[in-house]
Structures are given as structure tokens and as C-alpha cells.
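Peer 1: Chain by chain, the residues run as shown.
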Amino acid sequence: MKSLEELRKIREEAIKNIEMRNPDKDIRVVVGMATCGISAGARPVLSTFVDEVAKRNLKNVQVVQTGCIGMCTYEPIVEIYSPDKEKVTYIHVDSEKAKRIVAEHLVNGRVVREYTIGSEI
Amino acid sequence: MAIFRAHVLICGGSGCTSNKSQVVRKRFEEKIKEVQLDKEVQVVGTGCFGLCEEGPVVIVYPEGSFYSRMTVDKVDEIVEEHLLKGRIVEKYLYKEKVKVEDAKEHKSLMEVQFYSKQKRVALRNCGLINPEDINEYIARDGYMALGKVLTEMSPQDVIQLMKESNLRGRGGAGFPVGLKWGFAAPNKADQKYIICNADEGDPGAFMDRSILEGDPHAVLEAMAIAGYAIGATKGFIYVRAEYPIAVRRLHIAIDQARELGLLGKNIFDSGFDFDIETRLGAGAFVCGEETALMQSIQGNRGMAKVKPPFPANKGLWGKPTVINNVETLANIPQIILKGPEWFKSFGTEKSPGTKVFALGGKITNTGLVEVPMGITLREVIYDIGGGCPGGKAFKAVQTGGPSGGCLTAGHLDTPVDYENLAAVGSIMGSGGMIVMDEDNCMVDIARFFLDFIVDESCGKCTPCRVGTKRMLTILERITQGKGTLEDLEELESLANSIKNSSLCGLGQTAPNPVLATLRYFRDEYIAHVVDKKCPAKNCKALLTFEIDKDKCTGCTLCARNCPVSCISGTVKNPHEINQELCIKCGNCYSVCRFGAVQKN
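Chains as they are written, first to last, in our numbering: chain A, 1 to 121; chain B, 1001 to 1600.
Just so you know, the hints here were simulated from the structure itself, not pulled from any lab data. Treat each hint with caution, since some may be false.
Chain A side only, calculated, beta carbon under 8 Å to chain B, not exhaustive [said to hold, decoys possible]:
1) L46
2) S47
3) A54
4) V63
DSS-like cross-link-like pairs, simulated, lysine-lysine; straight-line CA separation at most 25 Å [stated by the list, open to error]:
5) K1085(B) with K25(A)
6) K1234(B) with K1163(B)
7) K59(A) with K1338(B)
8) K1234(B) with K25(A)
9) K1307(B) with K1319(B)
10) K1148(B) with K1039(B)
Computed from a predicted structure; not experimentally measured. Each residue gets a CB set at the ideal place from its N, CA and C atoms; glycine is no exception.
Just need the whole structure built from these sequences, with the hints factored in.
Peer 2: Structure representation (C-alpha cells):
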């Protein structure tokens, strides 16, 4: 090890994986992963969220999966819980939309209105 | 680096491993592969989580679900329900984790009773990281302290920082680390040494073992920092051979550190060299004593030597040597990174920081805990430990192993630190805390510890070699109902002589359990020698086993299990024990399902 910089680089990479092992996070991204969700394509959505959160080092975001939310026609469904804010429900999510949700909603705090359930009804 | 969406952390400490945690782990790996989740879910073997009573322990992230008492038959369900479908399997969770009112929200790990009063500093990585992967240690700021020390501080700065933090040795003596390093540094020598004392001989203590198994790099990093501070380029870890998992993890850690250039020549391009080797103990308690330990490393029989000279001046092979305990070292990288003021912000004024305790004996939550100094014994035993199981009454707690004393219910509000425990006749020791209840005989406890000491005495000095044996003989006589009041006086007088004239700490502290029990439980000794009775109904020679005819159903189980066939009786009729032939083995008492066998 020749310098602290080298060590820091290793740390930056390794932290991304370790961050998962802390359940006390503010923001929860809940991806519906029941049979309806999975058959509608929720697995890649889940992976995208996990990758994007790790890439951007969003330490206060937890990505979890859940069972059937009930509105099966709208799967893949992603719900985002933030402290002191109303729950936001995104529907018909895919990998591309997931990336945009991370960038706009999680990083910049702006809900992507056109993907939410409100915009459909 | 692959990112996984879920981590399954499985405890790989000695406790859970002996309870088949590795079989559980293998099944997780197989099943996860079967359902094709192996690219998404990472299975990680970690060190000790601490709640050993509930092991094998498995924690699943991101939810932080704490599955306890895991067996291999539960694995498939957890993989299918929790990992695949996101439905936490509540029936396998640690009971306290589930909030009754709101079934959807589980308590976080740090909120359960066992963990809420703990402050994990030395144990901060145990149970969280994979100890066999240096990258995970680095992710937790590993080796940043060494980097800071080598690039920004002088050896004197480091010693000054350690002095300011007032970190005291956690091996039992509580000697200030900064002071010890300060003695070794100015000595001029062609070679100096850092030794990590990982012998951990106290029966029932496993603090150091868990740190070595769960976070070995913390020890390596601290040794390198110590080496820089005093001018040593070589370190030895003296670890007892009875810890094979720890030894293996240490070797893996040393190899990985060397590979990354964190051990070896010119670390961080600073010109500082440091390398570490392990040396295995061979089963002698006395080799935990520093002078005997150094003799052992040198290839001699482990026998203590007179001090002075102190190791800091003349130690291993006559060179200046600093010897520190595992837990002491585990604190150091944090102190360097966060500063002495942070370390002094918890604990007490004379004993800052935390202490790791191994809770054992008659306690509900056996395991490893780390608490800020100053917490009371009551909080540790009741709030964290869950009190004595089975509704039994608390009787005493032994702190400090065979060198320590026992404390009674009246001492439960004593704050735990070096000074307070010494003031009430015990010692902090290395952290073993054995809880005893109404069924423990304090005379027998004293005999047990003394028996251990007699076995482990190196034999060099007469007070210890002969004195402890004489004390043991008296105690054995007392527990067999052949003691006298004169024996008690003899015991006390012997104890004081041995304390004052033994060569090393083993002998000097050997009489402590006897003196403490005599002080606080004299009535039990009197009962043994005058009434020839054991109040706790423990000492077999002073008991009679009798069958209560009203409770006996005549099932004949006792008679069939009696090794000397001294129980007579016919089927469905009350049985009787022949007192002349009874050898008081207690078998009948253990096998009777109706509580008909009475101990009197």
C-alpha cells in the first residue's frame, strides 16, 4: 500500500456492499415481488434500484421487496416511503423508469408525477 | 464489485459453529443457488454477534431480520418466503424482535433489550463483516488509522494521544497503555517487539476469542500502530491453540494484509516496516502472565520471572517489549481516528471507554456484551442478561475468573469499573462474568477455582506450588463434610501468605475467590463444617437422596438407572433408596419425572 489514496479507493468500492447491513435507513423503496410482480418484470426493476442506489452512494435508502400489493394490473409496482412525506406509488415500472426515479425522486426529491398511480386514474 | 440486493449474515464464531451454523450456511448457499438467487443474494460468514444463547444466529439485510436458533430445516422456508417473496418468516425471528401491536414493523436490532444498553466499540465489526475479507474491514475505515499515524503523526504524537485517551489495559490489570508505550519508546535497542496476549486462559471468558474470530484486522492494525509508536518492527500474537478458528482467521488476515502491503516493508511509503507472526500456546493458563508468555515464545517452559525488569525495558530476548491484550488493541484504531475526547465521552473518569464481558453461568442471555464503563452490575445482569432463568434467585456473580472475587445481591448497584470493583473485593479481570443462583454452593465454587489454579501453577515458587495445594485439600475436606472451624482459620491465614509472597499474578490472586467467599458467604462455610450440611444442596457428600413415597408412582426408572442397584421397589409401588449403599451420584434425581427424589 503506497498511499492513503489507494486505501481510500478500496474503501469507496467496498463500502457500497457493506452499506446494506444497516437497517436504520430513512427512505424505503419497496418493490412488489409476488408472482404477479415477478411475471410482470419486477426482478430487473429491483436490481436496477439496488445498483443505482449503490452507485450513487445513497446511504439513507433501503431497497426491499414485498409480496402482492393488490393492484396486480399495475405491476411492477414500487412504493417509496420517506419520513414526514406521503407514500408515493409508482406503477408499470421498468429499468429505465427506475433509473429516472432514483435520479429525480431519491436524489433530487422530485416525485416523477407521470409514473405515479395518480396520473393513471 | 458485485452489488447484492440482500445479504444473509451467518455467525461463524466458535459458539455458533459448534452448534452447526456452518451446516446452516452450506444449506443457504445450496438453496440460494437452486432458486437462482446467487447473483442477487450474498451469504456472508461473520464473527460473533454476541447473543450466543440464541445461536446459531442469522441476520438478513436490508430488513435486518434477526433469525435465532437456526437449524438447517428452517433454511428452505426462509429462502423461499423471505428472499424470494419478501415475506419475513416471523415464527423464526428472535422473539423480542416482533412488536405485537404493529406486526408489519419489527424492532430494529439495536432496540432489543440485549443490545439497547450496549455500546460496541471493540466489537463494532463483529457480526457485521466477513473477517476473512480484508475489503470489508477497509470498508469500515480499516487501516485508515495506520495510514493517518504513518503519514501525519510522529511516534511521540501517537504516545501522547494514547496517554490523553487514558485507555487502560483490558487484560485485567488496567495499566494505562500510553504509559506503557512511553516506557518502551525511549529505550535504545537494535530490535523491539510488540506482543499481543491472546492466551485468554480464564475459564468462561471468550471476549478475546470473539474479537480474533470476528475482526482480526483490528488487532493487526493496532499492533502496527504500537510498533510505530515504540520503534518495533516485529510483532507476535501469542494465541492459545485451543482457538483453532481464531488461529486460522489470523493467518488469513495476516496474509491478506501482507498482500496489500499493509504489513511488511515500507508501509504507506513511510519507511516504516512491520510484520507479524503467530505463536501458539500449549495449554498453560500461566502463559497468560506476561513473563511466562515471553519464556514460552523463547522456547522455554512457561514460568514467571521476577519484575523488575519490566518487559518495556527488558522483555522478549532481553529487548524492549510492549505486551497488550486483544481487547485493548481492538480499541486503538478507533481512538486514533475519532480522538481521545471521543473515547473519554463514555465510561467513567478513571476508566474511560467500554468493556467487553462474557456473560455465563445461570443467566438467560448467555453471550458477549460490550458496555460503557460505569454501568451497574444490575443493568448488565438483569437488563441485558435477562436475569437468572427458571425463576431462580440470584446469589452471586464472579468477575475476573480465578483471580477475581464474587459479589452478592447487595453489590448489584455497583458501577462497573476498575476502582469500584476493587473497592468491593473483586477485580474487573479480563471480563468473564459468571452468574450464580440459589443452587450454587459458594464453597464448591471456591474449590472449583482453586482446583483449576493448582492444575495450572507453574511450580516455580513455593507459596503457589505448595500453598494452593494445601488450600485445595482443606476445601475438598470441607465439601466432603470433614472440615473443622480451625480449617477456616488455616484457610484464611494460608490465603494471605500466598497473596503476599507468590512470584507472579497467578499465585498472588489465586486466593481471591476463597477470600471473597469467606467474606460474603461465611455462613455457607459454617454450615459445611459445623452442621455438615450444604445449604445449596450441591455438595453430594453432604446430601442424602430420599424418595418421597407420596410422589413416587413406581415407574422403576430410578432403579433401572442406579449404578449400584441400591433402589428397591416393585412396579406401581413406592421405591426406596438404601442409604448404606447409595454413592450419591444423583442419577435417580435427574431421571425421575415426578420430582419424587428429594435432596436433603
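Peer 1: Evaluate each hint against the coordinates.
Peer 2: Checked hints:
| no. | hint | result |
| --- | --- | --- |
| 1 | L46 | holds (6 Å) |
| 2 | S47 | holds (7 Å) |
| 3 | A54 | holds (4 Å) |
| 4 | V63 | holds (6 Å) |
| 5 | K1085(B) with K25(A) | holds (21 Å) |
| 6 | K1234(B) with K1163(B) | holds (23 Å) |
| 7 | K59(A) with K1338(B) | holds (21 Å) |
| 8 | K1234(B) with K25(A) | violated (43 Å) |
| 9 | K1307(B) with K1319(B) | holds (15 Å) |
| 10 | K1148(B) with K1039(B) | violated (36 Å) |
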